[in-house]
Structures are given as C-alpha cells and as structure tokens.
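Chains as they are written, first to last, in the working numbering: chain A, 1 to 207; chain B, 1 to 301.
The calculated lysine-lysine pairs, modelled on DSSO-like cross-linking and capped at a C-alpha distance of 27 angstroms, are: (1) K194(A) with K114(B); (2) K123(B) with K3(B); (3) K203(A) with K31(A); (4) K156(B) with K221(B); (5) K184(B) with K221(B); (6) K3(B) with K125(B); (7) K125(B) with K194(A); (8) K114(B) with K180(A); (9) K215(B) with K137(A); (10) K294(B) with K221(B); (11) K150(B) with K294(B); (12) K294(B) with K156(B); (13) K3(B) with K150(B); (14) K294(B) with K160(A); (15) K114(B) with K203(A); (16) K180(A) with K194(A); (17) K184(B) with K156(B); (18) K137(A) with K180(A); (19) K215(B) with K160(A); (20) K194(A) with K123(B); (21) K3(B) with K184(B); (22) K221(B) with K160(A); (23) K137(A) with K160(A); (24) K137(A) with K194(A); (25) K114(B) with K125(B); (26) K294(B) with K184(B).
Residues from chain A that keep clear of chain B, each with C-beta distances beyond 12 angstroms, as calculated: (27) T6; (28) A7; (29) R18; (30) Q35; (31) G147; (32) F148; (33) I149.
Read the hints as simulated data drawn from the structure, not as lab findings. Computed from a predicted model, the values in this text were never measured in an experiment. We treat Cβ as the ideally placed atom computed from N, Cα and C, and that holds for glycine.
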Amino acid sequence: MKDINTAALGNYRNDFLREVEDNVEEGRWVKMCMQCGVCSGSCPFGSHWQHSPQELFMMIRAGQREAVLATESMFMCTSCYNCVVRCPRELPITHIMHGLANYAHRLGLAPQTNPTRRFARMFWTNIVRGGRVNELKLSLGLYFMDGFISGLHQTWAMRKVGIGLLRTGRLNPFGLVGQKGCRGAGELQRMLAKARLLEDQRKGLGD
Amino acid sequence: MAKYEYSFYPGCSSERRASASNYMTSVESMCRHLDIRLNEIPDWNCCSASIGYCEGGELPRHVMNARNIALSEQHNADQDIVATCAACWLGTKESQERLNSDRALMADALEVLKEGGLDLHFKNKVEVRHMVEALIEDIGYQELARPVVKPLAGVKVAGYVGCQTNRPFGIDGESFENPMYLDKMVEMAGAEPITDYEQKVTCCGGALAFSEPEKSQAQIKDILEAAADQGADMVVTPCPVCQMNVEVYQEQINRRYGTRFNMPVTYYSQLLTVAYGSSVSDAGLDGQIIRARKLEDIASS
Chain A
1 MKDINTAALG
11 NYRNDFLREV
21 EDNVEEGRWV
31 KMCMQCGVCS
41 GSCPFGSHWQ
51 HSPQELFMMI
61 RAGQREAVLA
71 TESMFMCTSC
81 YNCVVRCPRE
91 LPITHIMHGL
101 ANYAHRLGLA
111 PQTNPTRRFA
121 RMFWTNIVRG
131 GRVNELKLSL
141 GLYFMDGFIS
151 GLHQTWAMRK
161 VGIGLLRTGR
171 LNPFGLVGQK
181 GCRGAGELQR
191 MLAKARLLED
201 QRKGLGD
Chain B
1 MAKYEYSFYP
11 GCSSERRASA
21 SNYMTSVESM
31 CRHLDIRLNE
41 IPDWNCCSAS
51 IGYCEGGELP
61 RHVMNARNIA
71 LSEQHNADQD
81 IVATCAACWL
91 GTKESQERLN
101 SDRALMADAL
111 EVLKEGGLDL
121 HFKNKVEVRH
131 MVEALIEDIG
141 YQELARPVVK
151 PLAGVKVAGY
161 VGCQTNRPFG
171 IDGESFENPM
181 YLDKMVEMAG
191 AEPITDYEQK
201 VTCCGGALAF
211 SEPEKSQAQI
221 KDILEAAADQ
231 GADMVVTPCP
241 VCQMNVEVYQ
251 EQINRRYGTR
261 FNMPVTYYSQ
271 LLTVAYGSSV
281 SDAGLDGQII
291 RARKLEDIAS
301 S
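Starting from the given sequences, assemble the full structure and let the hints guide the process.
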C-alpha cells in the first residue's frame with residue numbers, strides 16, 4: 001500500500017489539486033468551490049467534522065495532502081445530499097467526499113480505527129459474497145468487530161432491537177447459514193474483480 | 001393485463017425476513033388494489049447503497065447497478081424500473097446518469113458487463129423511478145383516493161420524507177426543503193397530515209446509525225420529538241432506512257435522553273392498504289416493532 005502512495009507523491013509532486021482531479025470521484029469540481037460555506041452549514045453531522053467540506057476544498061487547493069487524506073472528516077458523510085442540492089454552484093459534494101474517503105482508504109492513509117470505514121468495508125464484503133445484503137451477518141460482524149468479548153457485550157446491548165426484528169419477521173434467524181442471495185453471485189464477483197482492476201489501472205492504484 | 005406494469009427492483013431489505021419485509025407485504029397489497037403489476041428483475045443484485053463507496057469506488061459500484069439495468073432491459077423490455085427503496089432508486093439512477101455522461105467509464109462498464117454476457121443487453125435508457133413517483137405521476141392523487149373504503153379518520157400523521165427519496169433527484173415539481181407529496185398521500189388515505197412538520201427532511205443518519213449510533217440517535221431524537229410535539233399518532237415514510245432507524249432505536253434514545261417515545265413508524269403503502277380495506281397482515285402491520293394501534297383498529301373494524 002505504501003508503494004502506491006509513494007508513486008502518487010512522485011507523479012504529482014506537490015500538485016495535490018491535480019492528483020485529486022485525476023483520481024478522486026468528481027474531483028474536477030474541487031476548483032469550482034467558491035468558499036461560501038453553505039455545505040458546512042447544511043451537514044447533519046456538521047459539528048463532527050474536523051474539517052468541513054468547504055475547508056477540505058481549500059486545503060486541497062493549498063496542497064495540504066496529508067491532512068486531507070488522514071482526516072476522519074469524510075467518513076462523517078451520511079449521504080443525505082443536503083450539500084449537493086444547496087450548493088450555489090451545484091458541486092456534487094457528497095460524491096467528492098465519498099471519492100476522497102475512498103482514495104484515502106485505498107492509499108492506506110485513512111484512519112484505521114474509524115468505525116464507518118470499517119463498517120463500510122464489511123458491507124462491501126457482505127454484498128459481494130452473496131450479491132445481496134445479508135443483514136444478520138452484517139450486524140453481527142459489526143458488533144464483533146473489536147473481538148469476541150466486546151462482541152458479546154454489543155450483542156447484549158442490541159438484544160432488544162434484534163428480538164424485535166426477529167419477532168416481527170424482519171430478520172432471518174438462519175442468516176448465518178441459509179440465506180441464498182443472488183444466483184449470479186459468482187458471475188457478479190468476476191465482474192467486480194474486473195471492474196476493480198480497470199479502475200485501479202486508471203487511478204494508479206494497482207499493486 | 002394489468003392497468004400499470006413495471007420492472008420491479010425490490011432491493012435487499014424487501015426480501016422475505018429482511019428489515020423491510022413488511023414494506024414489501026404492504027406494497028404487494030397496495031398494488032393489487034391499484035391494478036399494478038410488478039415484474040421482478042430476474043436475479044437482481046444489491047445496488048451497493050451509499051456506504052458502498054469506501055471499498056467499492058466508482059466502477060465496481062456502477063457495474064452493480066448496470067447489471068440490474070441490463071437484466072431489466074433484457075427481460076422486462078419497455079417497462080420502467082420501479083424501486084421501493086430510496087437507496088436502490090438513488091443508486092441505480094445515479095449510476096445510469098454517470099455512465100451516460102462519461103464515455104470512458106461507460107466503455108469500462110461495457111467491458112465488464114461482457115464478462116456476464118450482458119453488454120449487448122445494456123442500453124442504459126430505461127427510466128428509473130421510485131414507487132411514489134409512479135403512484136403520483138402515472139396514477140395521480142385522485143385515482144389513489146378512489147379505492148379508499150375506510151378513510152383513516154382521526155389519524156394524525158407526521159410525513160417524514162427523509163433524504164434519499166428527496167435528494168438529489170426528488171419528485172418532479174416538489175421542493176427539496178419542503179416537499180408536500182407525502183402529506184397529500186396521507187390526505188388521500190383520509191388521515192390528517194401535519195403539513196408543518198419541521199423535521200420532514202432531516203437526516204436519520206442513514207448507514208451511520210450502525211457505525212456512529214450516538215450521533216445518529218441525536219438526529220432521530222429530533223425527528224421523533226417534533227412529531228410527538230405536534231401530536232402525531234405516527235410517523236410515515238417512503239424509505240426503508242428511515243423507517244428502521246426511526247422505529248427501532250426508540251428505546252435506546254429513551255434511555256440516553258430520558259424521553260418516552262413510543263411512536264409507530266409506518267410506510268405510505270401501509271396507510272393506503274388499510275384505507276383500501278385490507279387486513280392487518282396484508283398491510284404488514286404485524287411487522288411493526290412499535291405497533292400502529294390506530295391503524296390496526298381501523299383495519300380490523
């Protein structure tokens with residue numbers, strides 16, 4: 001992982017804006033931000049961002065590569081799209097935040113312990129495996145993320161929610177063994193592997 | 001021949017024994033009353049949801065949606081795709097737009113679809129719509145009211161539209177900040193909408209209700225409090241994530257904030273199904289963790 005990062009540093013020297021434009025989803029919009037701050041004021045999790053989207057845009061332009069790629073901020077995005085519909089210049093801010101988080105994660109620079117980063121990875125593994133979400137595996141995976149003992153503790157804390165869902169037929173009690181998912185999951189997995197390869201080649205993320 | 005026919009994308013949460021299986025039950029009943037036929041996209045897969053971005057990047061995410069679009073165009077040709085889940089609708093529509101506006105990305109997607117023998121079926125032209133769009137635009141409010149046999153008189157409803165049914169695409173002609181369509185649907189069912197429900201488009205935290213529960217529950221508390229303060233009997237929503245988040249964490253919120261919420265959270269389709277005269281189980285009301293007693297009483301009267 002380190003090597004990809006070193007390669008990116010070498011390729012772009014100190015031009016972080018160009019690096020973002022080339023490799024981050026919708027990154028070409030970053031230069032268009034006019035620093036009004038409407039995005040920051042519209043974010044439901046706004047107070048939890050170390051750097052607001054507005055700040056991140058300015059930091060990218062100022063070449064603060066390390067600070068941008070190592071912050072937890074982008075992982076606070078709930079994908080509510082408030083910023084997108086309110087931005088006077090119609091920047092696709094949600095996607096830029098997703099793109100920055102993905103890029104930081106793929107370079108190995110995103111904060112390892114961030115719970116949303118970890119949950120998002122579990123989610124992806126979960127859907128790729130069966131082609132559809134396996135809700136029981138996903139929830140238990142989250143609760144047991146920090147080991148067995150804390151997993152038991154978490155599961156106990158969430159027991160009433162789980163029992164409620166089971167009682168009302170909204171959780172598959174056999175999800176760990178018997179959920180069938182999508183028949184074409186194998187074919188889907190091959191397609192996704194190929195898609196990842198193509199994307200990595202294009203963004204210089206290949207190993 | 002049904003009066004209306006769509007290529008249906010139910011999505012993961014609508015599967016049997018999944019978190020929105022009660023939504024699915026009520027949608028099926030509602031569609032029977034309205035003479036809508038839903039042809040499920042054969043072997044559809046997950047849309048990758050918003051949270052897929054972190055590991056899924058761009059192309060893999062778009063490919064997941066492209067596969068569904070291709071399967072729909074192959075098997076349910078000339079039928080609009082209709083999704084009941086906000087995230088499914090958003091993900092599919094977003095991938096469709098992105099692929100159509102970026103030639104290089106489209107070329108890559110076609111190369112990947114070739115692996116599954118789907119590239120020749122992928123035109124990417126089908127309309128991708130949310131169920132509420134189909135109801136409002138194709139059927140219309142007046143027709144939605146026509147099958148009502150049990151108006152939900154005296155039921156006060158806070159219409160919680162949430163995020164992804166509303167932004168960034170939204171329903172044609174509605175504002176992002178103060179959409180009214182859900183209130184109109186509530187009115188069609190004979191119930192009383194709280195049209196000045198100020199938290200109607202507040203974010204519930206989405207997937208972050210799992211990973212950042214405290215931050216999300218602060219949002220959910222606001223959503224519930226405004227509904228309770230205005231005397232709502234229940235919250236109604238078009239989104240499975242909103243429904244789940246606002247309903248299932250109430251006990252934890254009560255413990256955290258010393259509140260006493262016990263607010264039912266239902267789907268628009270459940271309201272309509274009850275108003276159309278269906279039973280408690282046909283409306284999926286037995287799937288509520290917090291029972292919607294007023295609706296149950298009307299359904300069993």
